[in-house]
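**Q** In case you want the letters, here they are:
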Amino acid sequence: MSTELRDEPEAVEVTPELEADAERAQARQGFLVALPALGYLILFFAVPLLIVFVYSFATRSSTGRTLLQDWNLDSYRRLWDPLVGEIALRSVVLAVLTTVICLLLSYPLAYYMATRPPKTRNLMMVLVLIPFWSNFLVRTYAWRVLLGSDGPISQLSQALGGEPIRILFTNTAVLIGLVYGFLPLMVIPVYAALERMDWSLVEAARDLYAPGWAAFRKVTFPLSMPGVIAGSVLVFIPTLGAYVTPALLGGARTTLLGDYIVSQFLAARNQPFGSALSVAVMVVMLIAVVIYFRRGGRTL
Amino acid sequence: MSVGLVPKSASERVLGATSWFVFAFLYAPIIVLTIFSFNENDNVGIWTEFSFRWYGEMFQNDAVMGALRNSLIVAVISTVVSTLLGTAAAVALEKYRFRGRTAFDGLTYLPVIIPDVTMAVMMLLFFVQLFAMLGGLGLSFQFGLGTISLSHIAFSISFVAIVVRARLGQLDPSLEEAAADLYADRRTAFRRVTLPLIMPSVLGGALLALTISLDDVVVTSFVSGPGSTTLPVYVFGLVRRGVTPLINAVSVVMLAASITLVLVSLVFQRRGDGDPGSAGI
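Residue numbers (my numbering), protein chains in the order written: chain Y, 1 to 300; chain V, 1 to 281.
One thing to keep in mind: the hints can contain errors.
[As the list claims (entries may be wrong)] Ranges of calculated distance between the beta carbons of each label pair, as one might list FRET restraints:
1) V:D172 x Y:E19: 48 to 58 angstroms
2) V:Y27 x Y:Y209: 37 to 47 angstroms
3) V:L139 x Y:P36: 19 to 29 angstroms
4) Y:L97 x V:Y109: 25 to 35 angstroms
5) V:D185 x Y:V92: 51 to 61 angstroms
6) Y:Q69 x V:D185: 34 to 44 angstroms
7) V:A24 x Y:R90: 36 to 46 angstroms
Hints in this document: simulated from the structure, not taken from any laboratory. None of these values were measured; they are calculated from a predicted model. From the three backbone atoms N, C-alpha and C, an ideal C-beta is built for every residue, glycine too.
One chain only, chain V, in its complex shape (with noise of 0.2 angstroms):
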C-alpha cells in the first residue's frame, strides 16, 4: 500500500531519523536506570564497579518484602475479580440488547478516562462514609488490603471490558449462529464457541489488570491503611526524599516485571487478531 508514494528520500531521511530519536528518548532513560542499578558504591552517581549488591540487599529489606507480599495480594485479587466482572459485562453490552444498556455501556469508560487523583478522592470519601454508616450498625472496618483490592478493582473492570469487546466485536457471528443451528443453546454455543475464540483477549485483558494494579500509586495511597502500603506506594515514598540505590534495584526489578507482563500480553493478544495496535488501549 505504501509502495506507490515513496516520498523523497530527503522526508524520508528526516522521518526515520525523528523516528529513532524518539526512540531512543524511550528507551534511554530505562536503560539508564537498569545500568546504575548495578553500580556498588552508595552513591548513585559515582561508578565505581559492577555489584548485584543492592539486589542482595533488596532481598533482605523486611520493608520492601513486605510491601511486595501486599502489592502481590492485592494485585492477584483485583485481577480475578475483575477480569471475571469484565468479561461478562463485555458479552453483556455486545452480545445483548437489555434496558440500561446505554448508561451501562457509558458507566464502563468512565473509570478509565478519570483522572488517578480525582479516583483516589472519591475512594477515600466513600470508605469513610461507609465505614461511619458501618459503624452505626456496631461493625469495625479498616483501611488496608481490602479497600486497596476493591478500589482497583472498581478501575480494572473496565479495562478488561474494553480489551474484550475489541475482540468480541471482531467475531464472526455467522460461527455462533452454527452452533445454534447444530441445536446448541445459548449458553453452550458461549462456552464451545464464543469463550474459546476470545480466550486470548480474556488473558490480555487479565495482564492487563494485573499491570495496572501493580502500576497504581495515587489511589492506592489513598486508601490503604497502617501496614498495607504496596510496593509502589513505599518506593513513591521513598523517591520522593532522594535517589538511592536501593530504590535502583527495586525500580528495577518492577520494571523488568512490568515488561515481561506487556510481552506475554502481546503474545496473548497476537494469538487472536494478530494487530499489536488493538493490544495497546
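Only chain Y is shown next, with the shape it has when bound in the complex (with noise of 0.2 angstroms):
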C-alpha cells in the first residue's frame, strides 16, 4: 500500500476500487511466489497420485501387463480376499501395538521432560531427536546385529546360562523395530502438549484437595490429549506402510502391507491391483488425519 502512495507524490484518496486493485495485485504477485512449488507439486505428486487411482481400475493382461482399457473394479474386489483381510488385520494390529507402546513409553518420557528446568528439558529434547533423523535404514539394521543368534543380546543370555535369544525375523522383532523407529515421534508432540500446559491448573486441583492420582487422571491427561492423538496419528500412519522394518527384521512368512504392496510391482507384477490396495491405504490415512485436524492437532 505504501508503493501506491510513494508513486504518486499527490496523496490519493483510498478509493474502494483501489484497494481492489491493490488486493488483485497481491494474488497475483502471491500465486506468482507460490507457482514454481504448485507447478511441480502438481506435475510430479497430484498427476502420479492421478495415476495410481486410474491404473487401480486397469486391466492386468494374462502376461502381467497392465492394459489401460476396459475399466472395472476387480482390483478392489479382491480387496475383499480373505488372504487381503488376514494381511490387513495383521498390519494394523501391528500398527496399533506399535502405536500403544510408542505412547508407554513415550507418556512418562514427555512428562519428565516437561517438568524439568528449560535447560534441562532442551538437552533432553536434542537427545530425542538426534536418533530420530539418525539414517533410518541403519538404525533399523543396528537390531539386526544386536538380536541376530550370535548378536550381544543373544551371547549375553547365553553366558548367563540361559538361551539362546531367537527373535530375529519375527513379528516380535518387526514390533520392536517399529517402536524404535518410530517412537520420537510420539514423543515430540505429547511433550510439546505437556510444555504448553497451564500447570497452574494442576496446582489448582492439588488445592482443591486431589490425590495427585485424581489430578493427573482429571486435569493433565485431558489437557494433555491433543498431543497423545498426534503422536498417535503421527505413529500409526508410517507404521501401517512400513516396509524397510518388516523387510530387515521380520520374517518371509509374514507380510504386511507394504510388503504386499511392493511386491504387486516388483514379483506379482499386478500393478492395478497393486494400486488399489494403495488407494485403500491412502484412504484409512486420511481418515486418521481428518480425526488428527479435527481434534485440534495442530504439532505437526
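Starting from the two chains in their separate frames, assemble the complex, guided by the hints.
**A** The following block contains the structure:
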C-alpha cells in the first residue's frame, strides 16, 4: 500500500477500487510466488497420485502387463479376499500395538521432560531428536546386529546360562524395530502438549485436595490429549505402510501391507491390484489425518 | 512453572527411571553397532580386536564409493531445488491470499503424510507413463539419477515449506510494516527484513531435505535404473542378505553423517527461536 503512496507524490484518496486493485495485484504476486512449487507438486505429486488412482481400475493381461482399457472394479473386489484381509489385519494390529507401546514409553518421558528446568528440557529434546533424524535404515539394521543369533543379546543370555535368543525374523522383532523407529514421533507432540499446558490448573486441583493420581487423570491427561492424538496418528500412519523394518527384521511368512504392495509391482506384477491396495491404504491414512486435524492437532 | 507441583518423590523416581530406560533403548543399538564396526574379525558376532580394517576396505570398495557418489549428487540437487521451491511456497502461503491457496496448502501437507510405499508406487507408474508418452514423441529417457532427484524433490519441498512456515508464522508483522513505512517496497522489505530473519529456518529446512534424501530407500529403489544405485539402496540390498562387518562400517559412517547434519540443523534452528521442539517436524 505504501508503494502506491510513494509512486504518486500527491496523496491519493483511498477509494474502494484502488483497494480492490491493490488486493488483486497482491493475489497475483502471491500466486506467482507459489507457482514454481505449485507447478512442481501438481506435475510430480498430484498427477502421479491420479495415475495410481486410474491404474487401480485398469486390467491386468495374462502376461502381467497393465492394459489401460476395460476399466473395472476387479482390483477393489480383490481387496475383500481373505488373504488380503489377513495381511491387512496383521498390519493394523501391528500398527496399533506399535502406537500403544510408543505411547506407554513416551508419556512418562514427555512428562518427565516437561517438568524439568528449561536447560535440561532442551538437552533431553536434542537427545530425542538425534536418533530420530539419524538414518532410518541404519537404525533398523542395528537391531539386526543386536538381535542376531550370535548378537550381543543372545550372547549375554547364553553367558548367563540361558537359551540363545531367537526373535529375529519374527513379528516381535518387527514390533521392536517399529517402536524404535517411530518412538520420537510420539515423544515430540506429547511433550509439546505438556510443555504448553497451564500447570497452575494442576496446582488448583491439588489445592482442592485432589490426590496426585486424580489430578493427573482429571486434569493433566485430558489437557495433553491433543498431543496424544497427534502422536498416535503420526506413529500409526507410517507404521501401517512400513516396508524397510519388516523387510529387515521380519520373516518370510509374515507379509505386511507395505511388503505386499511392493511385491505387486516387483514380483507378482499386478499393478492394478497394487494400485488399488495403495489407494486403500491412502484412504485409511486420510481418515486418520482428518481425525488428527478435527481434534485440534496442529503440532505437526 | 513446575515448582508448585513437586510430585511425590516415588512417582518422580519412576518417571525418571522410565525416561532413562527410553534413552537407553534409543541409544543402545547405535552404540553397539558403532563398537562392532571396529571389530577386526570377519565374523560380526565374534570380537577379536579393535581395528579400522573395515573402514579401510569401505574406501577401497568401488560399489560403495559409486553408490556414495550417486547419493551425494542426488542429495545436492534435491536439496537446492526443494529449498528454493519450499521457501517460496512457505512465503506464498504465509504472506499472501490468492485463489487456490487452500488447495495448495493441502497439497504441501500430503507428501509428508503419505506412506513411502505409496509414494514409490506413484512415482514408478508416473515415470513409466511419462516415458511412454515421450517415447511416442521420439524422445527417450531412462530411470536413473534424474528420476531419483525429481522424486526426492517432490517429497522434500513439503518438509522445507513446513519448517520455514513455522518461522514465518512467528515473525512480528510490525517489522515488515516498519520497512514499508520507511518506503521499502514489498520486494526490498522481503529481501532486507524478512529473508534474514527466516534464514536460519531456511538452512534448517535445507539440512532436513538433505537428511531425508540421504535416508530414502523405498522411493529411490523404485525409480532407480541400472548404475544409479544410491548408498541406502545398496546397503539395503546387502543387508537383506545378512550382516557383514563391511556394512557395519558403512552404516556407522552414514550414521555419523546424519547425526552431524541434525546437530548443525539444530544449531541453525535454535539461533532462530531457541526452541528445539519446533525443529522436530
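**Q** May I ask which of the numbered hints given earlier this structure violates, with the numbers listed in increasing order?
**A** Violated: hints 1, 6, 7.
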